[in-house]
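Peer 1: Residue strings, one per chain:
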Amino acid sequence: MRNRTWGFVAVGLLVALLLAGVVSSYASSHPDGLDSALLKGCTVDAEGEITGGSCPAQQEKEHEVGGPLADYGIAGIDNDFLSTALSGVLGVLLTFVVGGGVFWLLRRRGPAGSGDAGEAARDDRQPAGTTG
Amino acid sequence: MHISNGIINGPVAGVFAALALAALSFCVLRGRRDLDDRLAPMAGLVAAFIFAVQMLNFPIFTAGVSGHLLGGALAALLVGPWVGALCVAVVLVVQALVFGDGGVAMLGLNITNMALIGTAAAYLLIAGLLRVLPRTPFGLSVTAFVSALVSVVVASQGFVLQYWLGGTTDLGGNLAGLAGTMAGFHLLIGIGEGLITATTVATVAKVRPDLVYALRALKPATPATVPAVGGAR
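Chains as they are written, first to last, in this note's numbering: chain D, 1 to 132; chain R, 1 to 233.
The hints are simulated quantities; they were obtained by calculation from the structure and are not laboratory data. These numbers come from a predicted model, not from an experiment. Treat the hints with care, since some could be wrong.
Said to hold, decoys possible - Derived coverage of chain R by chain D (criterion: at least 3 residues anywhere in the stretch with Cβ under 8 Å from a Cβ of chain D; other residues may be distant): (1) 100-111; (2) 180-186.
What the hints assert, rightly or not - Ranges between beta-carbon positions, derived for each pair: (3) Gly14(R) / Leu14(D): 39 to 49 Å; (4) Ala46(D) / Asp170(R): 22 to 32 Å; (5) Trp164(R) / Trp6(D): 43 to 53 Å; (6) Glu49(D) / Thr136(R): 47 to 57 Å.
Built from N, CA and C at the ideal position, the CB exists for glycine as well.
So here's chain R without its partners, still in its complex pose:
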């Protein structure tokens, strides 16, 4: 979902670049509270893993359209929302500067959609779902699937907002058409995102539950008599 140069005009791209820079600075401030000797290498791994999986475009059963992981939900689950947004941002910067994927002038827009909106939407859902769903592998998988799916659709609407503000082609007032197309495609892509996120997080939770940030940080709504999985810190 990387925006190429020329799709959104310069002034709007500039405003979003400033917005993204401010938000990422805040993520650094808040994320430092989470970043200890265990989380730092894990965050590097999460960034590298997201880069790898973003290369794996999958078909979405609509002729000629593919999708790939955005990674916001995965990062939020494994390293938390603040460091997670930074992980996705690192991937987007590397992709724009080295791999020609997403214009450098569009970086603020892309970081806003995929790193900030995607991760924030995912973590809000994760925080809600993990408190009400049972602390079982199934509960964690459902949380991962739903939060990943919804975060992709919400992120796609971030682009629609940006296009409304500064799109370079006049859609003839048919912004709703673009919004609908984006939502439809990304609902299907979101299913793929949900499956990848749930599989990955369930695997990490099985091997090393203490490395899943969401299980450490979010306590169940009703105080359980048994300590939460990986709750010791």
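Looking at chain D on its own, in the form it has when it is part of the complex:
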């Protein structure tokens, strides 16, 4: 039972890695619904830069952190496909390690009504925080 759940999680993670690592390069680059709504009233050029008019998006400020993975790419990699793919793969793994780690630490321990207490003890040797 427990091993089957981990098997399912492994397959699901593989699907997520494929979506973030391959399919992501074919995603639409248009602004999303919120950004589009905030651009109403302004004119934008082909790069999405505001060229005139008046709209809420004009008040937008720089991101505080930025960082090497900002905007789902990797700074220094010129190949767009590779840059997006690698940032996506890193993001999926990071989210799984952070999320899985937090949830694993928060989980209820001890007998949970069914007979999986022994398995719970056995599983303690593989915290999710060390994977990836």
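With chain D's structure known, arrange chain R on it following the hints.
Peer 2: What follows is chain R alone, placed relative to chain D:
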């Protein structure tokens, strides 16, 4: 639907940060009752999967506008409302801190809209629909589609509320215009969200019905003579 820095003023962003922190703490308390050895790895997967699918912006048949999954309904169906909201919040924190998506100062606003409002609206609908619709793959798919679609539109109005409270540009009293534009775009985005959510949940339910939280937790309104799918726990 990530708010960038400068769109909502600091005080309102701060109030929503405090609100989000309090709500997420409550989610941790309630979510721990659900989090067992089976749900914990599943929740990690749901967070990672939502991160991946949020990268996949799809066009919405309105010139120059795209949308992406928010994930509240998907998370609520697979791991429940409390852990589900935490899953979406984890994704938003990673995106803000590492990927420059959504301002760090705006994190409370974004968590409120996408993780809290989105998941809560979805789960209220899921709880209602799963009790009245037949326990068939079709019934589950309809539940997933409708709850996902509505949750996206409701979440978009969360932003309109925040903009009303602390938007940095004077709309000249035309808040209704912003509300209408947001609702229209997100109705179309919600169709995409509904299709992705229904497809994903139907697939999981087919392979491992016991891993779909909503099927385990929500019993049909009329006690059925046959046990609910994956009801054994």
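Peer 1: Against this structure, judge whether each hint is valid.
Peer 2: Right, here's what the structure says about each hint:
| no. | hint | result |
| --- | --- | --- |
| 1 | 100-111 | holds (count 5) |
| 2 | 180-186 | holds (count 4) |
| 3 | Gly14(R) / Leu14(D): 39 to 49 Å | holds (40 Å) |
| 4 | Ala46(D) / Asp170(R): 22 to 32 Å | holds (29 Å) |
| 5 | Trp164(R) / Trp6(D): 43 to 53 Å | holds (46 Å) |
| 6 | Glu49(D) / Thr136(R): 47 to 57 Å | holds (50 Å) |
When the structure is compared with the earlier hints, no violation turns up for any of them.
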